[in-house]
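**Student:** Listed here are the chains, written in short residue letters.
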Amino acid sequence: MIYIFTALYCEAKNLIRQFHLTKNPENTRFQEFYNEKSGVRLTVTGVGGTAAATAVGSICTAYPPAEDDLLVNIGTCAYIRSADGQQSSFRDREGIFLCNQITEQTTGRSFYPDMLYRHEFQEASIVTGMSPWNAGVDRVVGRDAGCDKSEDGLAGCDRAGTGDAGCDKNRYGGAKLHHAKTGALYDMEAAAVYQSGAYFFGPHQMAFLKIVSDFGTAEGVSHGQVESLMEMNGDKLLAFIGRLRVISDYAGESDVRLTCGDKAVETLCRDLHCSRAMRDSLKQHLHYLALAGADVCLLIQNLYKEGFVPCRDRREGKLCLEQLKQTLF
Amino acid sequence: MNSLNKHFFNPFFSHIYVETAVLEHPRTRCILSKFPDANVIEIRHYKDVFCRSRQRSTWQHRSQKLILAAKQGTLVYEGAPVCQSFGNRYFYYVSCAMNCVFDCEYCYLKGMYPSGNIVIFVNLEDIFAEAERLLQAHPLYLCVSYDTDLPALEHIAGYVREWCKFAAVHENLKLEIRTKCADTALFEQTGPHPNVIYAFTLSPQALIDAYERQTPALSKRLLCAAALLRTGAPVRLCFDPMIYVPGWKDHYAQMLKQVYDAVDMDKVVDVSVGTFRISRDYLKHMRKQEKNSAVLWFPFQCDNGYCHYPAPLMEEMERFLTGRLAEKVSKEKIFRWKI
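Chains as they are written, first to last, in this note's numbering: chain A, 1 to 329; chain B, 1001 to 1339.
Just chain A, same shape as in the assembly (with noise of 0.2 Å):
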């Protein structure tokens, strides 16, 4: 299953279509879109960090991902600057970002989603603010005192971490924002979508999609004009998140399960009276023999066959279990 998050509506209404989505009337909260048979579960966070992590939360407790499925957060965002410092026309900067740094402005944390999957958009940091950016106004300040500020206002502390043993906090202070190759995005979602996520998904599982709407002026962008940005980008979103879907279902499907099944374990449990120890034993030794390319059916069959099971009680059920354990080297 992917998980979408957009913060507004005109952000989704593109791929709702492209996914045929249907609106789940039950969740009153958020705008939430669904369609099994396409494994994609849409939701409209609303505006800013609260609302994005809040509807994380919301969805993936109310359906907890598995391993294998991915968080996609995408959006439009606001192009702030170029790595070499220079303003970029808007044509430079069209198209989808994906962000392999996203950094949330109030506390200057930066959170690092894996670059695993291949993919054909640029590449850019984000800086997740509270409010639209307002070009020439707006300063993304670090929270530690002491930061270097750069002169487009960008903090950048020059201060390394401790490295503190068994760590897996990110430090705290102002964020350097520059990206060696590329500029910084800013949105007000990513960060939260991050860390709300990062409770669920794992970095490997989540991506940030982000296309470009103004240099700064958020106020004049128009809902129509955010749908035309989707529209345009929209089949390239869908190759994306389909590729992502290939590598969702591939790595579901390759868990080794027991051919016979959890009925046929069960009943040998019960038939040679497993304590809660036995039962663990027992498990573990058949998942080894399944792995191990044994065929676990016909060996529980021939226990049967062989008259071992069923066991009058635990202490047979025992002796059992330990000349099954002896058969494995």
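No wet-lab data here; the hints were simulated from the structure. In this text, a Cβ means the ideal position worked out from N, Cα and C, and glycines have one as well.
Selected chain A positions facing chain B (Cβ under 10 Å, derived; list incomplete):
(1) L116
(2) V246
(3) S281
If you anchor each label on the Cβ, the simulated ranges turn out as follows:
(4) E94(A) / E1132(B): 49 to 59 Å
(5) C1083(B) / R276(A): 30 to 40 Å
(6) P1312(B) / L298(A): 20 to 30 Å
(7) Y199(A) / E1078(B): 33 to 43 Å
(8) G220(A) / R1287(B): 47 to 57 Å
Since chain A is already given, all that's left is putting chain B on it; use the hints.
**Tutor:** The following block gives chain B in isolation, referenced to the frame of chain A:
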């Protein structure tokens, strides 16, 4: 999954994360120059990327990323009890890189690290300085390729050459460079050093095919070891970890035949033998990552936080190999790992 790789996954090292503190380091610049097409992402600290929660190293191994960082805190570690000291009193190891380009299913690094990406610490000189400080107090047996396969990273980092140069001017230092690499040209370039032991990890070809993804074939490793021996370099052969598979005895017997055909065993410094064992915590983490791995889902026996094959099987496997090796190598040269 392999069929997916080409079309769906980015190439290896398509992205390189660099700590701000080492962005201008000469070694960083040198490494980056080898990847002109890579996306370079500046980060505050390597753990911001390396230690993210819920990473899936099996997926990351399809498209590994490189992280360049500065090693801080402890730079030289005392040898762990599960590692073979080969009778050396001052047994230490360093971690100048973390993780490996090879993708061995049973590798303890997958249990130890939260990520499948590779970290290279560019401040090698700081590690040299710490080693020199220890060398002033006592001799040192230093393993430099434990948390990675250093020769396999040579084309990126060049650390084998650096360590060899360092060893050449420190007589009371004995280095071990453990590897599954078979880069004969590299070892020819570094030349033989009496205090640099090249330790080749060997497995039967059937196990290499099944569990040691992207590693060189046994025959290539042996060719490389033999070439090194001919130059007079000290070579160690590590039959560790031995992995249980049905028919293991045949596989290991066949492997030994191949070893004896290729390598002059009289010239080998020593050999090590040990069956697969791992910390319980690492195993738990690895099983989460590799749900279909017969090697990892073996019903191990756990004692004092370590998981290993049931004692009779472990004994049988190790005795078998040490017994066969004793036919060619004197017993004092055979080091068998003990719990």
